[in-house]
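Novice: Each protein sequence line maps, in turn, to chains A, B, C and D. In our numbering, each number is its position in the first sequence, counted from 1, plus 55. In our numbering, each number is its position in the second sequence, counted from 1, plus 55. In our numbering, each number is its position in the third sequence, counted from 1, plus 55. In our numbering, each number is its position in the fourth sequence, counted from 1, plus 55.
Any given hint might turn out to be false.
Repeated chains share a single entry, so a pair holds when one copy, or any two copies, can fit it.
[Unchecked claim] Straight-line Cα separation of at most 25 Å, DSS-like style, residue types lysine-lysine; simulated pairs:
| # | residue 1 | residue 2 |
| --- | --- | --- |
| 1 | K226 | K260 |
| 2 | K393 | K127 |
| 3 | K225 | K479 |
| 4 | K393 | K464 |
| 5 | K192 | K518 |
| 6 | K518 | K260 |
| 7 | K97 | K393 |
| 8 | K127 | K192 |
| 9 | K506 | K393 |
Simulated from the structure, these hints should not be mistaken for lab results. These figures come from a predicted structure and were not determined experimentally.
There are 4 protein chains.
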Amino acid sequence: MIPRYSRPEMTSIWEAENKFRIWFEIEAHACDAQASLGVIPKEAAAVIWEKGQIPYTPERIARIDEIEAEVKHDVIAFLTELAENVGEESRFVHQGMTSSDVLDTCLSVQMSQAADILLSDMDRLLAALEKRAKETKHMACIGRSHGIHAEPVTMGLKFARFYAEMDRNKKRLQQARDEIATCAISGAVGTFANVDPSVEEHVAKKMDLTPEPISTQVIPRDRHANYFAVLGIIASSVENIATEIRHLQRTEVREAQEYFAPGQKGSSAMPHKRNPILTENLTGLARIVRSAVTPALENVALWHERDISHSSVERMIGPDATVTLDFALNRLAGTIEKLVVYPQNMLDHMNNFGGIHDAQRVLLYLTQNDISREDAYRIVQRNAMRVWKSYGIDPDNPDSPAELDAVEKEAQEHDNRFFFFMSKDEGLMEILSVEKLSKLLDEDSISYHTKNVDRIFERIFGK
Amino acid sequence: MIPRYSRPEMTSIWEAENKFRIWFEIEAHACDAQASLGVIPKEAAAVIWEKGQIPYTPERIARIDEIEAEVKHDVIAFLTELAENVGEESRFVHQGMTSSDVLDTCLSVQMSQAADILLSDMDRLLAALEKRAKETKHMACIGRSHGIHAEPVTMGLKFARFYAEMDRNKKRLQQARDEIATCAISGAVGTFANVDPSVEEHVAKKMDLTPEPISTQVIPRDRHANYFAVLGIIASSVENIATEIRHLQRTEVREAQEYFAPGQKGSSAMPHKRNPILTENLTGLARIVRSAVTPALENVALWHERDISHSSVERMIGPDATVTLDFALNRLAGTIEKLVVYPQNMLDHMNNFGGIHDAQRVLLYLTQNDISREDAYRIVQRNAMRVWKSYGIDPDNPDSPAELDAVEKEAQEHDNRFFFFMSKDEGLMEILSVEKLSKLLDEDSISYHTKNVDRIFERIFGK
Amino acid sequence: MIPRYSRPEMTSIWEAENKFRIWFEIEAHACDAQASLGVIPKEAAAVIWEKGQIPYTPERIARIDEIEAEVKHDVIAFLTELAENVGEESRFVHQGMTSSDVLDTCLSVQMSQAADILLSDMDRLLAALEKRAKETKHMACIGRSHGIHAEPVTMGLKFARFYAEMDRNKKRLQQARDEIATCAISGAVGTFANVDPSVEEHVAKKMDLTPEPISTQVIPRDRHANYFAVLGIIASSVENIATEIRHLQRTEVREAQEYFAPGQKGSSAMPHKRNPILTENLTGLARIVRSAVTPALENVALWHERDISHSSVERMIGPDATVTLDFALNRLAGTIEKLVVYPQNMLDHMNNFGGIHDAQRVLLYLTQNDISREDAYRIVQRNAMRVWKSYGIDPDNPDSPAELDAVEKEAQEHDNRFFFFMSKDEGLMEILSVEKLSKLLDEDSISYHTKNVDRIFERIFGK
Amino acid sequence: MIPRYSRPEMTSIWEAENKFRIWFEIEAHACDAQASLGVIPKEAAAVIWEKGQIPYTPERIARIDEIEAEVKHDVIAFLTELAENVGEESRFVHQGMTSSDVLDTCLSVQMSQAADILLSDMDRLLAALEKRAKETKHMACIGRSHGIHAEPVTMGLKFARFYAEMDRNKKRLQQARDEIATCAISGAVGTFANVDPSVEEHVAKKMDLTPEPISTQVIPRDRHANYFAVLGIIASSVENIATEIRHLQRTEVREAQEYFAPGQKGSSAMPHKRNPILTENLTGLARIVRSAVTPALENVALWHERDISHSSVERMIGPDATVTLDFALNRLAGTIEKLVVYPQNMLDHMNNFGGIHDAQRVLLYLTQNDISREDAYRIVQRNAMRVWKSYGIDPDNPDSPAELDAVEKEAQEHDNRFFFFMSKDEGLMEILSVEKLSKLLDEDSISYHTKNVDRIFERIFGK
């Protein structure tokens, strides 16, 4: 977590002011419950709220830091400073509780707050993806498997699948948030020996948490591990989308481009360049968020009822992973919102290879018309190879330039070279007339390939 | 995945026989759907089932391998061998589909099958934990934070918290299983251009899967990442339980011990030793299962509509992580079922330190009786330190042996040294009579600390 | 480690035959040393060699397995079977030793053997990279930063940098191999109480190892962690090279292509496709090798003098990481050896953008001729932008098609549009004559950019 | 990296002041080299040093930030501010260079500086370990494998092995530092087209770096990966030492204890506790440092000549991993320096189990005296088991309390119960007289086990 990749909404969750405010609320609500039980005087609880519920100003925080430097214990420092404001009733604060009751319940609150921001980030991203998906629903472009042209898809399908993936992530995060939102006020080693379970129940209710069914001074760390694992999955999806944009922005592809503000300087050496630096940056940020997963898993196995090895880890990955992911989701949403798309380039690419993307369509047609799969495959492949050759690519003779025969040279005059070669394929023509072939490939190729886009969109966005 | 740490139930999921059987079912169900649509003859679909649904014997598998060695493509090899059995109707198989439709849907089935076994493993483990928890519900032992004696808990609470943790894991796995159980029959780059969506819907229904709302030739890998992340969390919980047992079996602790079969040899050099090798082994296995998480996350970002980098990863972590975790869960369940516990040692340890575990109880009593937190803390600490000193430990003078004064020597005669020292504490006796103190500490300490165990158990196991 | 991604040279290191042979050698050499010390009879040592040094046939291995199934201890099973061959002198075997002395020293030998194979794999890869680097030393292609065309480089520079990187990896592996090649024969908890240090020294010398200066029954695991970390780095370099090839093989780039054997089938649905499946596969294999690093690091912290949690981890990552990396290095070497390159495509791409890659050269010229950096930057950028515009790309008006003015239309007739626009730039022409500009850009652009290639090659390959 | 776990020596390396100072030096040295080549006027280089080499005060840094906010490019902002100080000669700065030349060379300097601090941290730690090793060289304690008492070692051996491990780590870091200390001034895509290689050589020499043999605008990231991998190994060794101390400080063990300053408060609820919080904290910090390894490995595979995905990762893990490890090494050194050891407890534990740790010694003696290994094993085991039983532990009848026979009861009167039982073992007494047994076990057990400690120390520390 560094300022360059942080938004104040998220960093403020992890700042002292928010932390101490939550600590106070936990303690004060616990006092109310203890007062109801008659463990402490009702008046004391009232005084604690009255005198204690004042803002944690920089001055108060400095005072707590000063005390901590002396006593080397953060919760004791907090309580001591609180006592300076509350007066003698302060001795009723924290009764029967341990530091972990405060620290762990506070962490639950902070992680829930962080999740709420991330969920709202995802809403922004989902809205952007949906909008762009619908705008580009029928904007045809070549689909690529293995980086190689395959068959037509639409730009809208790309956005739609990212939408579906991010929507799954949102559900995962919602569940992880619910899981982490537990409250433990169970005292030393979690036995409730010195504090009644009803105190926990009261604090949980007031803080919008559920009581941790069984704690051992600490809330079990599988909950936190699950939370960070979900952040790691979301980050991987961020990388997935970023990778797509980086590919689309390549010089040779230029089907999409990150928005570049007028006046923005690019490379200091090469002023003409438009680099996909936002999505490259997101690729790196994804690695950072993901790096929190393993330490969070290593935190699960604590010794006996608890050790404190998890604490230093969480002090770092708590802010780091949530702040970085929050920044990344917003940067990604902004990138999607403003992404520039180049439909003409998409069409150019698609039409660049002589109709070869209809190879499977022909293959299918042949097998449905009494040709064996093997024969059909051979027919399609030999004609496809000639298309490549007509573009100067001869994979079977890589070391020498493709030598073209007369038909191959002639093909260079045609747009749909694949059709042209098949019409010259004697073996094929014995079993299929040019007319039939012509009819087959006459139907607009793009319409053929994208005919089910509406149906897919319905699955994702409903009718 | 190595035989030493494998169970045949799980390994068979990943073997060729199961894989090809699933492939066949996907293809044959797809044929039924295509026949309903009139794309292929109904008779062809019938023939395919009739002639194709025969066991994948070692001979058939060898034949497929032989073909694959030649064509270097596993699905083509499979289809070619199938054609040898089915005859000419075989050309209606796989129409409009891609290899990934078969491979990815099969992987969904295998991962679901693996999850089902793991869920049943967890049931066995949960049953063992519940049984042992209830048996040892009130078996008192010292709770330890930071490896240091804290306050009493019960052995049952340990089992109960592992139960609660593993029960959460079961829910996570159930969700991950539901998420991964999707079916994609969407053809090249996932557009359904050459295969109607109703084929996918039919196959999904027959294979107990749900249709993947949007695929791109492959099922999106965030689903798989989520699955392996959950396996990593479960493994971390296995390590958590294993770590507890390893600690309890330490020579100096001996509160529990892995069952050691009569006749079993231990160390080749030290025959007297009873080592917690099962749980140490589980600690290592947990690291292995966890190591699948990062590559699974790295698999999410594929290039454009798909690349095949995920495939080699999944060919290894698919079997490795599920087989190893299956083995680990069963080993752990067996260990829990037979775990030997030593209640007398537990009591001995608890009573070893002169009642010092009641320190907080006294602290609380004092603050509830008009003593400030700071004063109470000082009183308790100074007496606690004398207890340590009477055991020869003087943390303030670590370099020389503790020099005991007369009272400290006298204390060595007493069981509850903490009480003894407090009764000699003049400052304390000014504000608290020996009678009150005596009354306070008279209540059976263990009962005091474990009074809420029933309530905690109700939260976990219900009434 | 699965057969699909394994080579027998490497897998045989991890097979029972090799393991038991090493175990026997360790034991027999130790007997020699013990005999020299007079601890056991010299004749006994001789008999042990004589009767024991026979091949570990499948029958012998089956017998050991049988015994292990009973005694549940691998070294005891091994010794028992050995005794069956050696007879009563067998009781002099293993004197004062622990199982770990055998197991850990054997692992050192196996990891050294594996490293030797990997080193020789790297030699093959380095030779291929050097050969291809020298072949393509001056084969010009556009350099790309951020996936965007930058300035010319040569194909040879790509191979050369991979050579340099892999050569560093080789040195790292050589060091890791030296580090892991240690021998521990120090007995229980490593004190040499029951075995003289000279035994260790003798065995080390005979097995080409160095004595472990201080062991604790086990060889310290930082050595192994270092070894697996180096494998992880090498794997990342494999991914680096694979990623370059995948990019170069993209349909829109086609500057290089994995060799595709005549008759090899590609996609089952799209027979025309030539996919970079070897390098995609290598990308996945890299993830697998890398996944061994974290568990190896987690193995370092053992409890007290040793626990056995590392063992199950190493039983898996030992073979998995070395076998997979061995396979990957060979697959990569083969890919490099046969990689098809398309120099004409490289030139076409370079010349595709109107000479814009000389932007920095002009920028530099201007700043060296009394123009401020800011002014120079502005001049170059405004002309570069017009080049883009003439190709239909107007980043400042992404939503509408680029509207071209007369000059921009005219530019489309020119090859070097960048020069053309500058010659029409009035502001620039005030400070720079067309003649000077012409002279500046007259020098062959590629020669300009690649003039230091020889010097770089000298740094890497020497003169 | 958070203030709580940071030392200013290390954080200052990563602060703006240090960074900009290094940037300036790189630029100014490059100007000198360019002036020597006649590319820029010598006077200009002199002016740049004269006017530019002034401290980067907070005001200057604020000005740079202000410019960066506008131009969104850090190096351009830096150069612009520099120009404000240097005047018109500033246009000769950065000629032919790219931002990466500055950024990557600066990162090399910072990582070298960080390594130097870490190396000095390790010297402090090594000195502490050596001192404590020599102090406790012959301080006997029980060695433990699997957490179970094995045979005697000495406290000094523990420190000595940590010394040897950390010394290996120091060598690894020294190598990683040498590897990362390279300089790249090679211009766009690394071809030296616009900057002569002699400039790089000059800057490298002046900055105590070596020229990067081949760069591609960026320094290859395998170097950085190697560096972070070494930090991960060191962190794992820190965890290793920390884990040992945590174990030794357990209540039941108390053979060592972290120093606890007088007045330091422990648990807020349990004032008597002395928790090993420093070493628990180190365990967590190790996880954090280790988490940098995977993203550093993922950074190796950049696209083509470079992409910028590595940058955000390094902006975080650079400071995080070095600052956290620096803090951890110092905390660990301080912990070792002040660690309190309890030799009496060590002796007590060793003598607690009736001489059972001599089991192997007897086993060895028997096999060296014509008893087969199997018989010897049985004899030793049956007597060892009776020792356990006499302590109330009957592993073969775990569910019921051990029922002691008369001999077992009698044994409870003896210190060396193992000897006692053997002397009553009729089978054994047939082959071994009590006198021989007595003589065998008469030799001081500790001396027997630790007789080679000097020799081990010589291996580590020399004579």
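Novice: Hint by hint, note whether the structure agrees.
Specialist: Now for the hints, and whether the structure bears them out:
For the homomeric pair K226 and K260, the shortest alpha-carbon distances inside one copy (24 Å) and between copies (24 Å) are both at most 25 Å. Proximity of K393 and K127 under a CA criterion of 25 Å is satisfied inter-copy only: 18 Å between copies versus 50 Å inside one chain copy. Taking identical chains as interchangeable, the C-alpha atoms of K225 and K479 are never at most 25 Å apart, the minima being 54 Å within one chain and 54 Å between chains. Taking the closest pair of Cα atoms, K393 and K464 never come within 25 Å of each other, the shortest separation being 44 Å inside a single copy and 28 Å across copies.
For the identical chains of this complex, K192 and K518 are intra-copy neighbours only, at 14 Å inside a copy versus 55 Å across copies, given an alpha-carbon limit of 25 Å. Within a single copy, K518 and K260 get their C-alpha atoms only as close as 39 Å, which misses the 25 Å cut-off; across copies the closest is 23 Å, which meets it. For the identical chains of this complex, K97 and K393 are neighbours neither inside a copy (58 Å) nor across copies (48 Å), given an alpha-carbon limit of 25 Å. In this assembly of identical chains, K127 and K192 lie within 25 Å of each other by CA distance neither inside one copy nor across copies; the values are 60 Å within and 34 Å between.
Proximity of K506 and K393 under a CA criterion of 25 Å is satisfied in neither setting, with 28 Å inside one chain copy and 41 Å between copies.
The earlier numbered hints that this structure contradicts are 3, 4, 7, 8 and 9.
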